[in-house]
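Visitor: Protein chains in written order, with the working numbering: chain W, 1 to 636; chain X, 1 to 636.
Because the hints were derived from the structure by calculation, they are not lab data.
Using N, Cα and C, we set each Cβ at its ideal position, and we do this for glycine too.
Certain hints may be false.
Claimed, not checked - Cross-link-like lysine-lysine pairs, in silico, DSBU-like; alpha carbons within 30 Å at most: (1) X:Lys34 x W:Lys103; (2) W:Lys586 x X:Lys325; (3) W:Lys162 x X:Lys606; (4) W:Lys628 x W:Lys586; (5) W:Lys178 x W:Lys223; (6) X:Lys103 x W:Lys226; (7) W:Lys606 x W:Lys631; (8) X:Lys350 x X:Lys162; (9) W:Lys631 x X:Lys594; (10) X:Lys162 x W:Lys237; (11) X:Lys34 x W:Lys624; (12) W:Lys624 x X:Lys162; (13) W:Lys226 x X:Lys43.
What the hints assert, rightly or not - On the chain X side, residues computed to face chain W include the following (Cβ under 7 Å): (14) Arg122; (15) Thr504; (16) Glu563.
Protein chains: 2
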Amino acid sequence: MKRVITDPSSFPAFTAALAQLNITAGHPDINTQKILAEISLAKKRKVDVIVFPEMAVPGYLLGDEWENDSFVRDIESFNDEICKASTGITVVWGSLFADWNQKGEDGRVRKYNAAYVAQNGRYVSNGAFSGHTFKTLMPKYREFDDERHFYSMLKYAHQSGKNLRQLLLPFPIDINGKTLEVGVMLCEDMWSDDYQDNPLEVLVKNGAQVIINISSSPWTWRKNDKRHRVAQSLLAKYPVPMIYCNNVGTQNNGKNIFLFDGNSTVYNADGSIRAVAKDYSEETFDVVMRDSAMHSDEVITLSQSKDIEELYNGLIYGLRVFFEKLPTQKVVIGLSGGIDSAVSAALLVKALGPENVFAINMPTEYNSSLTRGAASELAHNLKIHYGIFPIQRSVDQTISELKGFSFERGYERTTLEMSPLVMENIQARDRGSRVLAGIAASLGAVFTNNGNKTETALGYATLYGDVNGAIAPLADLYKGQIYQLAQYLNQHCVDNAIPSSILTMVPSAELSKDQDIEKGKGDPINYPYHDRLLQAFIEWRRDPEYILDMYRTGTLESEFSLEVGYIEKFFPTAQDFISDLERMWKLYKINYFKRIQAPPIIAVSKRAFGFDLREAQNGVYFTKKYLKIKKDVLHA
Amino acid sequence: MKRVITDPSSFPAFTAALAQLNITAGHPDINTQKILAEISLAKKRKVDVIVFPEMAVPGYLLGDEWENDSFVRDIESFNDEICKASTGITVVWGSLFADWNQKGEDGRVRKYNAAYVAQNGRYVSNGAFSGHTFKTLMPKYREFDDERHFYSMLKYAHQSGKNLRQLLLPFPIDINGKTLEVGVMLCEDMWSDDYQDNPLEVLVKNGAQVIINISSSPWTWRKNDKRHRVAQSLLAKYPVPMIYCNNVGTQNNGKNIFLFDGNSTVYNADGSIRAVAKDYSEETFDVVMRDSAMHSDEVITLSQSKDIEELYNGLIYGLRVFFEKLPTQKVVIGLSGGIDSAVSAALLVKALGPENVFAINMPTEYNSSLTRGAASELAHNLKIHYGIFPIQRSVDQTISELKGFSFERGYERTTLEMSPLVMENIQARDRGSRVLAGIAASLGAVFTNNGNKTETALGYATLYGDVNGAIAPLADLYKGQIYQLAQYLNQHCVDNAIPSSILTMVPSAELSKDQDIEKGKGDPINYPYHDRLLQAFIEWRRDPEYILDMYRTGTLESEFSLEVGYIEKFFPTAQDFISDLERMWKLYKINYFKRIQAPPIIAVSKRAFGFDLREAQNGVYFTKKYLKIKKDVLHA
C-alpha cells in the first residue's frame, strides 16, 4: 500500500478562523444569525477559510425532529443563505443534507449528516459532490444515534456502487489564485479505530493538504486527553495539518444534558498541538497556515483545566446554560445538612448567584441538631435565601389519615398497614411533592434533585420524594466524587462555606431512629467499595460473575484500588461478600423503575443513567457461570 | 436479471413446528428451558423442523445489557445446549452470535443478531457459515436499536470483501435422506422496501426452497394487515412458501412496554395465508409441507381480532403480563368519576380481577356530585374495593402553611404568592404523591397513571400529581379513542359498568370553579380537532407549517376527517385558528419536561411517547415558511 504524504510546503498560505459557537439545538434561525455574523467579521479580518462545527445550523441532539419535513426544508434554506454569504471567503460548516429523491432506511426522505463547503457565493465541487460531503462513520453507542437519523457515506457508496476512494475527495479551494486541497470530515470520522474504514487515510491519499474535522462532540470528564491521543496517532501515520472545530453549549435528549466544551484545536502535521480554544467559551480564533509550520496570529496556549477543576467547570456551565433557557433563574433546593445538597447548593450559587438560590430545611423528629445546624450554617455561609419548614405535623396527619382509611367491597373491608419503610417514604414525599414543589411553584422557580449516582443506582431514594426535581446536577457522580468536589469547592470556589461537620459526618437519610446520625448510624452503603462496584456494573459493563471471579482470584482489591484487607474487613466470609454482591446487583437492576421517572441528569461520566445507558425493566439475572463460581467459592 | 423460481414440487415433504413462545427478555435460562421442552415434545410428534422466534434465547429488548460480556458468554452456552438437543430433529432459533476476535463499531466484542440452524446435535453449514446466519437489514427507527447493538450481514460483507450473494445461502437440511434448502432470515429482512438489498430475493436466487423468517416483532394497532401485505408482495415476485415465527409476551425499554402478539403465520408460495397462530397465545403448531401445497395437520383459521377488539386484547395482555412480573397483583387507582380512570379501572378488572383493584375517590370542594356519584356507581358496578378519601383539609393546610412561610436572606424576606394554578396543582400532588402513593405503599400495591395521549402531549397534568404511576395503560390513546374503548368495554366486556353519565359529561379536571362540570365547563381542549392535530404532530411527524398550509388551502377538514365547517365553527377567524395552533405546538413541545418524568406507557400506536418517539428539551420553533404563510393568511 503506497502512502502518499502531502508535502506541506507546497500549499498556499491561508488564514483559517475556527468559530467555536454556542449552538442552540433546534433553532436554525438563531444559529444561522450567529454564523452569518461570524462570516461578516471574518471577512473584515481577511480570513480565507472560516470553519463552523458539525450540525452548526440545526444543532445535533434534536430527538426525532429530523423526521419533520418542514423543518428539514427550513434547514436547507438556511444552508443556502450561508452559501450566498460566502462571497470573498470560504465557509465550511456542518448541517443536514436531504435527498428528496431517495428514501432513508426508515422509509422517510433520505438525510445525511453533512459538511458543506462554499466559496464566493457558490458551493464548491470536489468531483464527487457539489459543495457537500457526508459523514462516513456513524456513532451509535452511548447517547449517539447517527444511524437512526442519517444515511452514511458508506451506505451511499453501497447504493451507488462506488467505493470510499471515489467519494471522499478533498475540496479544491482557491487561495489567491492557487489551489488548496481541503479534506473535510465529520467528528466520528477521526475516531476510526473501531471501524473498517479510515476516512482521514482516504482523504490524504486522495491529495488532501489539510484536514478539517467539524465536530459536535459532547464532553466526558477526562475525554480531551483521549481525543488528542487519537488525533496524534492518526497524524503519525498520515502527517497533515488538522483543524478540529467543536461547538460549545449544552444539548440534551431529555434524560441527559450533555456539555459541549469546544476545545477546538489546531494540530500540526506532526500531531503536536498548535492552538486550543478555551473550554466552554464561545470564541473564534484565527490561525495563519503557511509553508510547513503553522503560526497563530494570536497564540493560544493550552488552557484546559484539569481533573476536578474540569468537572467543576462543566457542572457550572451546564447549570448556567440550563437556567438560561428557562423563564426563571430562581432555584429552590432542599438542604438536609448532608453532603449532596451542600455541594448542589454551592454549585447553584456559583452558577446563578446567591440571590437566586432559595434553600429550605424540612426537619422531622428524626433530623439531628447536627444536620439542622449544618444546613443553617451552610445557607448563612453561602448567603442564600433560607427558611425552615418543619413537616412533622403534616407527616403525622398523613399517617393518621391513612391509618383511619379503609376500602370496602361488599361486606369486605380492607384497612391499611403502615410499615416503618412506608412511614419513611411519606416523609420524603411530603418534602419533595408537597413542600419543595409547592414552594417552587409559588416562587415561579424550579427545584433541584440532589441525588448522587451511587444512590441513583441503588434506588436509595423515594419516588415522588427525593427522586423529584427539574435537573439532577450530581446524579452522574458517585458519593466519593461528591466529597472530592466538596473539598475542591471549599478550597477554590466558596471559601470553606461547606461546614466541616458536613464533610466528616456519616452519610444518612435521617428518615427513622435507625438512621440516627449522632449515633453514627448512616446509610447501609460502604461507599468506597460500593462506588467501585457500581462503577464496574455501570461504566465497565461488568456483572457479578466478573466481580466474584476477581474476588475468588484475589484481584478485586487491586482492580478497585482498595487497600489490601479492605474487603475482608467488611465481608469476613465469602457468604457475606456474596450476599452483599447479590443485594447490590438486585437493587441496581430492580430500582430502574425509579430512574424511568427521574429528572434529567447532567452527563459527566463515561456512562450516565438515562439515554446514555439504556436499560430495561427485566428483573435480575445471574449467569450460569456466576452460579458455578458461587458454589465453588462457598464450598472452598 | 434472471429470476430463479424454485419449483415447490421438488422439495421433500416435512413437518414444521412453529413455536410461538412467550420470551422473557434477559432470562436465557427460562427461555432455553422452554425451547428444550418444545424440542422434546416436537420429537415425539415426529416433527422434522422446529422454528423458534428471533432472539428466543436472550430476548430482544435488553437495553445495553448486550455489553455485558459474561452475559454474552452465558447466551453462547445456552445456544450450545440447544444445538446438542437437536438429535433427530432440525432446530432453527434466534439468538446472539459473538465474534470474540473482532471488534464491533463501539469497540466492544462484535455481536450479531443471528439465526441458528442445528440438526442431529450439530450446527448445519450453508457453505458461508457454520450453523448460523446474520440479520442483514437493521431497524433503527421507533423503538428499534439493532444498529446500536449488532453488526449487520452488510457490514460483515463489507469487511470480508464479499457480497450478499456469497453470504446469504440456504441451509441444506436432511429430510429422510433428501435435501431441503431452507433460506433463513430475521424479522426486518422481509421488510426490505426501504433498503438497498432484498435478502429474500438473494436467498431464493441462491436456491432456497422454503423461507423461514424468525421475528421478534412488536405489535402496533392495525399493523398485522400491513405485514401480510408486505409478505404477499414479496412472495408475488419470489414465490416460495414462507414460515414466519414471532414471539408473544411483552418486552420493554423502560419508557415503553411493547406487546408481542405472535400471529405466527405460514404463507403459501402464492402469498396466501395458510395458517395463523392466535394473538398473544403461547402455542406451537405443526404444518405439514409436501409437494406444491401445504397442509396443516390442525387447520388453523384466521383468528385475528379486529380494530377495538384488537386494541382491547393488547391492553389486557400488556397489563396482565406487567403485573405477572411484579411481586403483587394488587393495584390502586384514583377514580375521579371521569372517563379515563373509568376505562382504566374496567381494564384492570378484566386483566387482574375485581378482587385486586382498589379504587379511591379523592374529592375537594370542586368535585361535583355528578362525578362523585359516577365514581361510586362505577366501583359498585365493577365490584371493586372502594373508598373515599377527601383531601380538602390537607390541601387547605398546605396552602396555609405555604402562605405563612418565608425565606430570609440577611434583612431580605421573601414570602410566597399563590396563584390559582399553584393551588390547583397542590390538589393534584396531594392526590398523586400523598394519598395514592401512600395507600399503594401501605397495601403493598402499585397505582396506575390514567392519563391519555392528548393530555400527555399537552402537559395537561401535574408533575408529581396525576403524572405519577407505575404504568400508564392509556397514554398512547387519544381522548376520542378512550371513548371508543369505553363503549366497547360497556358492550362487550363489563356489561355497561361504566355509567352513561361518564360517557356524556364534558371532560374536566375539576381543580377550580372554572372547571365546574355541572355548568358544562370542561377542559380547554376541543378533542375532535385537537386529537387529530396532535396525531399529525406525533404520528404523522408534521408541524404547524404543514397544518397552516392545509388550513390555507382548505384541505384541513378533509385531511382530519372533520365535517365541513367544523374548523370555522370553533375558530371564526384565521387569527383564532393560528393562536390555537401556536398554543398547541408550544404546549406539546414545552411539556416534554413532564414526559421525561412520566411512567412507562404501553405502546399501541405508530408512535408512543417515550423511547418510541425521541424528544429533546429544545423549546419551540417555527419555520421561516410557517411565519411567511402566517403573514399571508392574516393579511389575506
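Visitor: Tell me the hint numbers this structure goes against, listed in increasing order.
Guide: 1, 3, 5, 7, 8, 9, 12, 13, 14, 15 and 16
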